[in-house]
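J.: Line order of the protein sequences matches chains F and X. Counting from 38, one number per residue, gives the positions in the first sequence under this note's numbering. Counting from 13, one number per residue, gives the positions in the second sequence under this note's numbering.
If you are wondering where the hints come from, they were derived from the structure by calculation, not from laboratory data. Hints may contain errors.
What the hints assert, rightly or not - Here chain X is said to cover these stretches of chain F; the calculated rule only asks that three of the stretch's residues, wherever they fall, bring their Cβ under 8 Å from a Cβ of chain X:
hint : segment
1    : 66-78
2    : 91-98
To be verified - Incomplete in silico selection of chain X near chain F, CB under 7 Å:
hint : residue
3    : Phe82
4    : Leu103
5    : Gln106
6    : Leu109
7    : Val114
8    : Arg116
9    : Trp131
As the list claims (entries may be wrong) - Computed far set for chain X versus chain F, every beta-carbon distance over 10 Å:
hint : residue
10   : Thr44
11   : Arg49
12   : Ser72
13   : Gly80
14   : Thr113
15   : Ile120
16   : Asp126
17   : Ser174
Ideal Cβ positions, reconstructed from N, Cα and C, are used throughout, including at glycine.
In case you want the letters, here they are:
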Amino acid sequence: MIRRMTLTSLLTVAVAVAFAPGCEKHENFPQPLGVAVPQTVNNLSVTTLDNIVFDLTWDVDDPSAVQVYRAYYILEGLPMPNLAGEGPTPQATIDFQVTVSGVTFGVSVVTPENVEGAMVLVTP
Amino acid sequence: MRKHAKYRSVVAAGLAAALVLTLAGPASAGDTPSIWRSILLPGAGQAHQGHYTKAAIFSSAAVLSWVGLFVSQINYDRAVERYDDQKATYLGYQTSLDAGTVVRFEDITGTYADMTSTWDSAEHRYTWRNVFIGALTVTYTANLIDIILSKPETGERSAPVSLDVRADRVMLVREFRF
Chain F
38 MIRRMTLTSL
48 LTVAVAVAFA
58 PGCEKHENFP
68 QPLGVAVPQT
78 VNNLSVTTLD
88 NIVFDLTWDV
98 DDPSAVQVYR
108 AYYILEGLPM
118 PNLAGEGPTP
128 QATIDFQVTV
138 SGVTFGVSVV
148 TPENVEGAMV
158 LVTP
Chain X
13 MRKHAKYRSV
23 VAAGLAAALV
33 LTLAGPASAG
43 DTPSIWRSIL
53 LPGAGQAHQG
63 HYTKAAIFSS
73 AAVLSWVGLF
83 VSQINYDRAV
93 ERYDDQKATY
103 LGYQTSLDAG
113 TVVRFEDITG
123 TYADMTSTWD
133 SAEHRYTWRN
143 VFIGALTVTY
153 TANLIDIILS
163 KPETGERSAP
173 VSLDVRADRV
183 MLVREFRF
């Protein structure tokens, strides 16, 4: 009887230990990348004389936190913005070579860490 | 993962040793077929001994636990897969940034939110998986304890209802067997 009880206890512990740990767990949730939030441009404006060449100007709160500015255009009826160009100065000139209408322009900031911020839109 | 495998090998060896010791010896010779049946399927040993109610309870509990464990494990694996994909994408952004590739801030924050969401989903499924592991552990343990300690049904039957006459009272006795 004592032998039976001893063996029963051994089996109980063995079964519990065999099943209890389960499989390995998902782990190593990564730390946030820690990149600074890119600023957005202010006072974005666009001017044109002939609807062929468009001049964009804008400013930012902290020019030192800017690596380059990116200028985009979005044609009417097409959802995706197209990159027109990029540069370190707060102005851009976009020449379509043909007359365009219904176009929207956008400008975003790329930080020195290569992170691009939100695009600010303007329509002529 | 290697640590878990070594740990399980030790546990499996201990379990095997305990089983051999349990089944060996004249004290358990008469119950050995029942014990082997219960090891393979909880309740089978009890049915072999004639305890059909217990057999039904143990086998049902084992089947439900196994099905629950199987389904929950699949769900957990899928959730972990989705989390791993999001994590790889998120960590890939740092590699891209270091290489000089421009990455949109919106993509970084969006992927981080998705990664957090898939992590939470995996946590939830991990909990359920462990619930079914626990249920299976309890079922197998109770089943093995029961089959080792119980004796086969002898077939002796007393009258289900009988009168017990005492000096100061008469009692109506109803017997229940499990």
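J.: A separate judgement is required for each hint: does it hold in the structure or not?
T.: Status of each hint after checking the structure:
1. 66-78: This one holds; 7 residues, not fewer than the three required, reach chain X with a Cβ under 8 Å.
2. 91-98: violated (count 0)
3. Phe82: Because about 13 Å separates Phe82 of chain X from the closest Cβ in chain F, which is outside the 7 Å limit, the hint is violated.
4. Leu103: Where the cut-off is 7 Å and the nearest Cβ of chain F is about 6 Å from Leu103 of chain X, the hint holds.
5. Gln106: Cβ of Gln106 of chain X sits 6 Å from chain F, so the hint holds.
6. Leu109: Since chain F brings a Cβ to about 5 Å from Leu109 of chain X, closer than 7 Å, the hint holds.
7. Val114: Status holds, d = 5 Å.
8. Arg116: Hint holds; Arg116 of chain X Cβ to chain F Cβ min 5 Å, cut 7 Å.
9. Trp131: This interface hint holds because 6 Å falls under the 7 Å limit.
10. Thr44: 13 Å, holds
11. Arg49: At about 15 Å from chain F, Arg49 of chain X clears the 10 Å cut-off, so the statement holds.
12. Ser72: 18 Å, holds
13. Gly80: Holds, since 13 Å exceeds 10 Å.
14. Thr113: 7 Å, violated
15. Ile120: Check fails; 6 Å does not lie beyond 10 Å.
16. Asp126: 13 Å, holds
17. Ser174: Per Cβ check, Ser174 of chain X is outside 10 Å of chain F; nearest 31 Å; holds.
The structure shown violates the earlier hints numbered 2, 3, 14 and 15.
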